[in-house]
Amino acid sequence: MSPLYIARSSKIAARNLGGEMVIMSARDSTLFNLNDVGTAIWEAADGQSSLEEIVERKVCAEFDVQAAEALRDAESFVRELAGHGILLVSDTPVDRKE
Amino acid sequence: MTTLMEEMNQRALDLGVPLSVHLDVTYRCNERCVHCYLEHDDRGEMTTAEICGLLDQLAEAGVFFLTFSGGEVLMRMDFFEILEHARARLFSVKIKTNAFMIREKQADRMRDLGVDSVQVSIYSHRAEVHDAITKLPGSLKRSLAGIRSLRERGLKVIIANVLMRQNVGDYAGVQALARELGVKFTMDPTVTPKMDGDRSLLELGIGGDDLRSVFRNPDLVGNVEEFCAPPPAATGEILDEVPCSAGHSACYISPYGDVYPCVQFPLPSGNVRRQKFLEIWRHSSQLNEVRSIRLHDLPVCSTCAHVGSCTRCPGLAYMQGNMRGPSSQDCEKSFARTGIPSANMLAQKSSAVTSRLVQIAGLARLPAPSAQRAESAR
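Protein chains in written order, with my numbering: chain G, 1 to 98; chain C, 99 to 476.
Any given hint could turn out to be false.
What the hints assert, rightly or not - Using 20 Å as the maximum straight-line C-alpha spacing, the simulated EDC-like pairs for lysine to aspartate or glutamate come out as follows:
no., chain 1, residue 1, chain 2, residue 2
1, C, 374, C, 148
2, C, 374, C, 210
3, G, 11, C, 112
4, G, 11, C, 148
5, C, 233, C, 148
6, G, 11, C, 129
7, C, 254, G, 69
8, C, 192, C, 210
9, C, 254, C, 308
10, G, 11, C, 154
If you are wondering where the hints come from, they were derived from the structure by calculation, not from laboratory data.
As the structure is a prediction and not an experimental result, all values here were calculated from the model.
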């Protein structure tokens, strides 16, 4: 499987509210509330690190979860957010936020 | 079922986070609306740097929803610089404007900067009525052109229709216009006193019959039976609730840096030019007093049949003289909806009868002054 790179879109509103990230899509005003694992992935989505690296560094290292399972869940999670224009997903590093 | 938005509000309340801030960037305006509660002279607005610094503080404080309003926001030449700074801090930004100055360039920038929504005041679908209220000839035409520019770029637009004596017959026309433009429509029958306490503007507000008619229009209120239903019985749980979000998870900041619980609640609570925003938010004695009030603390309203369903605005009550007192405008609304008088209305009626009786009793006991004068003259 080729690596996935994720970057936070600039067309969103976001705030950390008591340790959990609240994000609103500017496209459809859908509101998302990320749990601590989702927040960790979101905050690491710099466009330069692959999802696999992020999962290894931010999820497996800090939460009690198997790497393969975590990566599968993370991929499903980032694709859902990408569907709402909240994350940009690419198979090459993302230089610019859109 | 609790929505995510309700959960977010509750979490903000629990954490003491100011989730929503309304920031007026200027009181200057190109229109002179007959019902406007502001003075339009510039008494020393915050500079671009001051506002950007404030936005940094608001982001740090956890503010998520940020409303830019005025005055007319586009009277500030630096408005887009401020907006860009706000969006870089990832606020969900709503802009309130009359859209008169929104052309293609401005609409492009609002779209590119990811503004959540733009609210535009439209008073009538008829230029002669709208322009007479704004006192700016050609304003309806220009505002509608601005709305079209925003819509063509996919921005969410809300038409806000304040109802007054001057335009009470036109809301259906404005609603049809909103449908044609593909934008949302909201109606508000509340005219508020001026920030300086002058209540003369209230004469522009619509009266009982018009309110009753508005509240029985399904196009405006949805399910009329539900909307106008008698209020539910007040439970202890209801009486323990906070009156509204003002000062709890929301506040207002003026162009001069003054912090208030809400734009309709002009209780001076601090100034961001003298103190950090968070210091005011957490430690202002005024905000803490507002926060201490629960519905059971309201001497008249806690005894009222409407306490569980009233739209009582603590700011309007404050402007009426007591932040723990009733807001007569909301009493009128509750009465217009349900036909059931509020405790405040009943108390006033009873006090009017009592004072008349006292007057009659006094006249019976004392000789009339004119008779005394006539006797002395003889």
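Handout entry: Violated hints, by number in ascending order, as checked against the structure
Key = Per hint list: 2, 3, 4, 5, 6, 7 and 9 violated.
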